[in-house]
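K.L.:
In case you want the letters, here they are:
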Amino acid sequence: MTATLDHTAPTIERQFPPIRQMAMVTLALVIVGGIYLAAYLPRRAPFGPAVGLVVAADLLLLVNVVVLSRIKPFAWGTFFLVAKWALLAYVVIAGLLEYVFVTDHTRGHMLVLLTLMLATFAVTIPLILGFSVARYADPAPAPTD
Amino acid sequence: MATVTEGVPAVGLTAEAPPRPSFEIVPLRGLPIVAIVLVGLVGALASNRLWALDFFHVAGGGLWTGIDLFVGFIVGPILGRMSIPARVEFSTRFMPKMLLVMPTLVIVTLTAGWQLARHLGNLSAVYPHHGWLVASYIIVGVMTLIALGLLEPANVAVLFELKKPEPNGERIGRLMRIFIFTAGITGALQVATLIIMSRLATG
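Chains as they are written, first to last, in the working numbering: chain F, 1 to 145; chain C, 1 to 203.
It should be emphasised that the hints constitute simulated quantities derived from the structure, not laboratory data.
The beta carbon of each residue, even a glycine, is placed where N, CA and C say it ideally should be.
Be aware that one or more of the hints could be misleading.
Straight-line C-alpha distance at most 30 angstroms; calculated BS3-like pairs for lysine-lysine [as the list claims (entries may be wrong)]: (1) Lys84(F) x Lys97(C); (2) Lys163(C) x Lys97(C); (3) Lys163(C) x Lys84(F); (4) Lys72(F) x Lys163(C); (5) Lys164(C) x Lys72(F); (6) Lys84(F) x Lys72(F); (7) Lys97(C) x Lys164(C); (8) Lys164(C) x Lys84(F).
A few chain F residues that don't get close to chain C, going by computed Cβ distances all over 12 angstroms [claimed, not checked]: (9) Leu41; (10) Val67; (11) Arg70; (12) Trp76; (13) Ile93; (14) Gly130.
Same shape as in the complex, but just chain F:
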């Protein structure tokens, strides 16, 4: 694919903190937690490892949000434009999965854990998508006095 791109000037991209990488680790932790719980069905998996994975995922998500919020300048308008629609889409998807768990009579701690996993999933993906677009967008011009 690069052969036909020779006549365009190579772009020196701005360097950012590893937002996407951290978000992918967050997703990986949630996915591993989900597989761990599913592998034990219909028995109940020991909660310790699953809780540990969710806590680790949420802490990493929190760190990621803090790191992201400190990036200056950044195209926040573009970030939120993408993230809000992605959030809507993934809330619908997470809602469908939650509906399946509820109709399957999942209750108690198990439902709380799965809901936390879905919530983490539904927030992380808009963060990845918003960042992936905003990193290439022009930051909003600084307000003039």
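Knowing the structure of chain F, use the given hints to seat chain C on it.
P.N.:
Leaving out everything else, chain C in the frame of chain F:
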């Protein structure tokens, strides 16, 4: 989503680039189709009809696998040999549709498959092929990570880049390479899933 005005020259790509076609990042006309599919899925889940769950799982999974393999191994290499203007024109027509099609297929396949397996008793740890099922969870987990962490962000970033008055051709090329490479990887993983599902379906 805003629409690029017909006739805006693709400045920054090539001097002789033709006007970029008008496009929406999210094709709004496709949303009712997505809604119909999701309502159908909820109907299948609520009614617990095995044929309906089987239909959504098999049809969704077949399309998901087929599209991944087709894009990764057929469209990708062809696209790589096209000129930049042709590649941009293809992307403006192709990528918005993928933004609706792929997430819909993924959620339909996985949700219906989960519920189908539950009804058939395949989720149980005492199921003779439980190991195969857990292997399929792991493969789907890896595919999800690649699709949500790399493929879809590249898809969306390309579309926003194409919306700019002066799209960066080199950046679009790089993002398209990520999109097609990851589609190829998920396609290859889909083959592994197909083998496992065929094994499970025949006992």
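K.L.:
Hint by hint, note whether the structure agrees.
P.N.:
The hints, checked one at a time:
Between Lys84(F) and Lys97(C), the direct Cα distance comes to roughly 20 angstroms. Compliance with the 30 angstroms bound is thereby established for this hinted pair. As the CA atoms of Lys163(C) and Lys97(C) are separated by approximately 16 angstroms, the hinted pair is consistent with the 30 angstroms bound. The straight-line distance between the Cα atoms of Lys163(C) and Lys84(F) is roughly 19 angstroms, inside the 30 angstroms bound, and the hint therefore holds. The suggested pairing of Lys72(F) with Lys163(C) holds, with an alpha-carbon distance near 24 angstroms, which does not exceed 30 angstroms.
With a CA separation close to 22 angstroms, the supplied pair Lys164(C) and Lys72(F) stays within the 30 angstroms bound. The straight-line distance between the Cα atoms of Lys84(F) and Lys72(F) is roughly 21 angstroms, inside the 30 angstroms bound, and the hint therefore holds. Restraint check for Lys97(C) and Lys164(C): the C-alpha separation of about 19 angstroms stays at or below 30 angstroms, so the hint holds. For the hint pairing Lys164(C) with Lys84(F), the CA-to-CA distance comes to about 20 angstroms; that is within 30 angstroms, so the pair holds.
For Leu41(F), the non-interface assignment is contradicted: its Cβ lies about 5 angstroms from the closest Cβ of chain C, within the 12 angstroms cut-off. With a least CB separation of 17 angstroms from chain C, Val67(F) remains clear of the 12 angstroms interface cut-off, as annotated. Every beta carbon of chain C lies more than 12 angstroms from that of Arg70(F), the smallest distance being close to 21 angstroms; the non-interface claim holds. Every Cβ of chain C is farther than 12 angstroms from the Cβ of Trp76(F); the closest lies at roughly 15 angstroms, confirming the non-interface assignment.
The beta carbon of Ile93(F) sits about 5 angstroms from the closest Cβ of chain C, which is not more than 12 angstroms, so the claim that it is off the interface is violated. Look at Gly130(F): its CB is around 9 angstroms from the nearest CB on chain C, not clear of 12 angstroms, so calling it non-interface is violated.
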